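Engineer: Make the full structure from the sequences, and use the hints.
If you want the building blocks of each chain, they are given just below.
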Amino acid sequence: MIRKRKSCLAIVVALLTVVGFASSAPASEAKKPERIGPTVKIHRGEKCVEDTEFMRRNHMKVILHQRDETMHQGIRTTKHSLKNCVDCHADPKTNSVLDQEGFCSSCHEFASVKIDCFSCHTDKRDKNAVAVAPFKGVAKRVQP
Amino acid sequence: MSLSRREFIGIGGAAVAGMALAPGLRLVELAQARSPDEAVTSLQRWGLLVDIGKCHDCDACVTACHEENGVTGHGRPATDPQWIRKVTLKDKQSGYVQTLPVMCQHCEEPPCVDVCPTGASFKRADGIVLVDKHICIGCRYCMMACPYKARSFVHEDTTDQKPQVPRGKGTVESCTLCVHRVDVGKIPACVKACNKDGNKAMVFGDLKDPNSDIRKQLAAGVSTQLRPDLNLNTGVRYRGI
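These protein sequences, in sequence, are chains A and B.
Position one of the first sequence corresponds to residue 1 (my numbering), numbered consecutively onward.
Position one of the second sequence corresponds to residue 1 (my numbering), numbered consecutively onward.
No wet-lab data here; the hints were simulated from the structure.
None of the values given here were measured: they were computed from a predicted structure.
From the three backbone atoms N, C-alpha and C, an ideal C-beta is built for every residue, glycine too.
Just to be clear, a hint being listed does not mean it is correct.
[Said to hold, decoys possible] Pairs of lysine to aspartate or glutamate residues, derived as EDC-like cross-links and limited to a Cα-Cα distance of at most 20 angstroms, are as follows:
no.: 1; chain 1: B; residue 1: 86; chain 2: B; residue 2: 197
no.: 2; chain 1: A; residue 1: 79; chain 2: B; residue 2: 37
no.: 3; chain 1: A; residue 1: 127; chain 2: B; residue 2: 68
no.: 4; chain 1: A; residue 1: 83; chain 2: B; residue 2: 183
no.: 5; chain 1: A; residue 1: 79; chain 2: B; residue 2: 38
no.: 6; chain 1: B; residue 1: 133; chain 2: A; residue 2: 116
no.: 7; chain 1: B; residue 1: 162; chain 2: A; residue 2: 50
no.: 8; chain 1: A; residue 1: 61; chain 2: B; residue 2: 37
no.: 9; chain 1: A; residue 1: 83; chain 2: B; residue 2: 197
no.: 10; chain 1: A; residue 1: 127; chain 2: B; residue 2: 37
[Claimed, not checked] Under 8 angstroms between C-beta atoms, here's a sample of chain A residues computed to sit facing chain B:
no.: 11; residue: 33
no.: 12; residue: 40
no.: 13; residue: 43
no.: 14; residue: 73
no.: 15; residue: 75
no.: 16; residue: 76
no.: 17; residue: 77
no.: 18; residue: 83
no.: 19; residue: 91
no.: 20; residue: 93
no.: 21; residue: 94
no.: 22; residue: 119
no.: 23; residue: 120
no.: 24; residue: 122
Structural biologist: Shown next, in the form of structure tokens:
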């Protein structure tokens, strides 16, 4: 009799532990701090010249490659040019990529990486650039 | 099969002629059309011819250049950048006065390139001499080496640069022969302004193309380089000095 009781208790305890674990799992996820990241506003264009994931990691390599080709060989394709980045990503209000919520500066400030480009290149959109239909501004949270 | 001496020479001659002709034809074809994704080649060499006889008291070229390239000063003539300037020559004996525009002469053997410690000062395959500001450290050796005083140092922060013409503090700059315009098939801003508002004293073109306007004009009359004694073979030529 006592043995039966003991085994019942063990089963109940085991069940409780399982239930406890199961219920505590979503609780711990909810407690996780919100992931921090810069707010990057994308104003124009449905889609970048490359995949977003690729550009996040490699935009600097892409620009560097194009820079040398343009400077030394006169190759002036627009796909990977810095000018093309600015023309598409500049804030429609300020025409710049560098203001507080600017496309370049918001992320670079968050990551504390200095941008050298704009000590020589203009951060303003080319007024004569081919107009692309404005895309309604969406604030996107970028996961770090 | 044995060839006589005469047959052998005949066949050899035809083969050599064929080899010479085929690349020759291709050169012209390439030189005429370049798409934005094609690199510049040494099949072209850009140059300018300035007829001083037609150049009078006017600075349309200077204004147009500085407007096109966003070159602005701060009212400090000693340090303000200058990509092109009007120089006045006066004959002491007769008092005859001439003025001429002087800018980077786009030498075939540029002294600025020889002295540059980083490789920032370079000559493009098509003969345009440029500064790669990404690697310029601002040492200004090129400014000392240039016999034409064509280069300027940017002493102060720049704002509102033109999208096609980056300019920044701490680097050296000079006439680019409006490379951003030339690459898309336009003529430099100074030549455009001289033809429109000035005295039509400037001709721009390909020095290697026998059918170009500049080549024909150079062949038709006397022209000179500035400081020909330096043997730099400049791309900018003058007539009537």
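Engineer: Tell me if the straight-line CA distance from residue 83 (chain A) to residue 197 (chain B) falls inside 20 angstroms.
Structural biologist: 31 angstroms, violated
Engineer: Does residue 119 (chain A) pass the interface hint, meaning its C-beta sits closer than 8 angstroms to a C-beta of chain B?
Structural biologist: Hint holds; residue 119 (chain A) Cβ to chain B Cβ min 5 angstroms, cut 8 angstroms.
Engineer: So if I understand the rule, the pair passes when the alpha-carbon distance is 20 angstroms or less; does residue 162 (chain B) with residue 50 (chain A) pass?
Structural biologist: 26 angstroms, violated
Engineer: Please check whether residue 73 (chain A) passes as an interface residue: C-beta within 8 angstroms of a C-beta belonging to chain B.
Structural biologist: 4 angstroms, holds
Engineer: Between residue 61 (chain A) and residue 37 (chain B), does the CA-CA distance stay at or below 20 angstroms?
Structural biologist: Holds, at about 18 angstroms.
Engineer: Should the hint that residue 33 (chain A) touches chain B count as held when the rule is a Cβ pair under 8 angstroms?
Structural biologist: Hint on residue 33 (chain A): violated, closest Cβ of chain B at ~40 angstroms, above 8 angstroms.
Engineer: Does the structure keep residue 127 (chain A) and residue 68 (chain B) at a Cα separation of 20 angstroms or less?
Structural biologist: Given pair residue 127 (chain A), residue 68 (chain B) holds - Cα atoms ~14 angstroms apart, limit 20 angstroms.
Engineer: Does residue 116 (chain A) lie within 20 angstroms of residue 133 (chain B) when you go C-alpha to C-alpha?
Structural biologist: 12 angstroms, holds
Engineer: Taking 8 angstroms as the limit, does the beta-carbon of residue 120 (chain A) come near enough to a beta-carbon in chain B?
Structural biologist: Result: holds, 3 angstroms to nearest chain B Cβ.
Engineer: Can you confirm whether the C-alpha distance between residue 83 (chain A) and residue 183 (chain B) stays at or below 20 angstroms?
Structural biologist: With a Cα-Cα distance of about 16 angstroms, the restraint between residue 83 (chain A) and residue 183 (chain B) holds, given a limit of 20 angstroms.
Engineer: Is the interface hint for residue 83 (chain A) satisfied, with its Cβ closer than 8 angstroms to some Cβ of chain B?
Structural biologist: 5 angstroms, holds
Engineer: Does the nearest C-beta of chain B fall within a distance shorter than 8 angstroms of the C-beta of residue 76 (chain A)?
Structural biologist: 5 angstroms, holds
Comparing the model with each numbered hint stated earlier shows that hints 7, 9, 10, 11, 12, 13, 19, 20, 21 do not hold.
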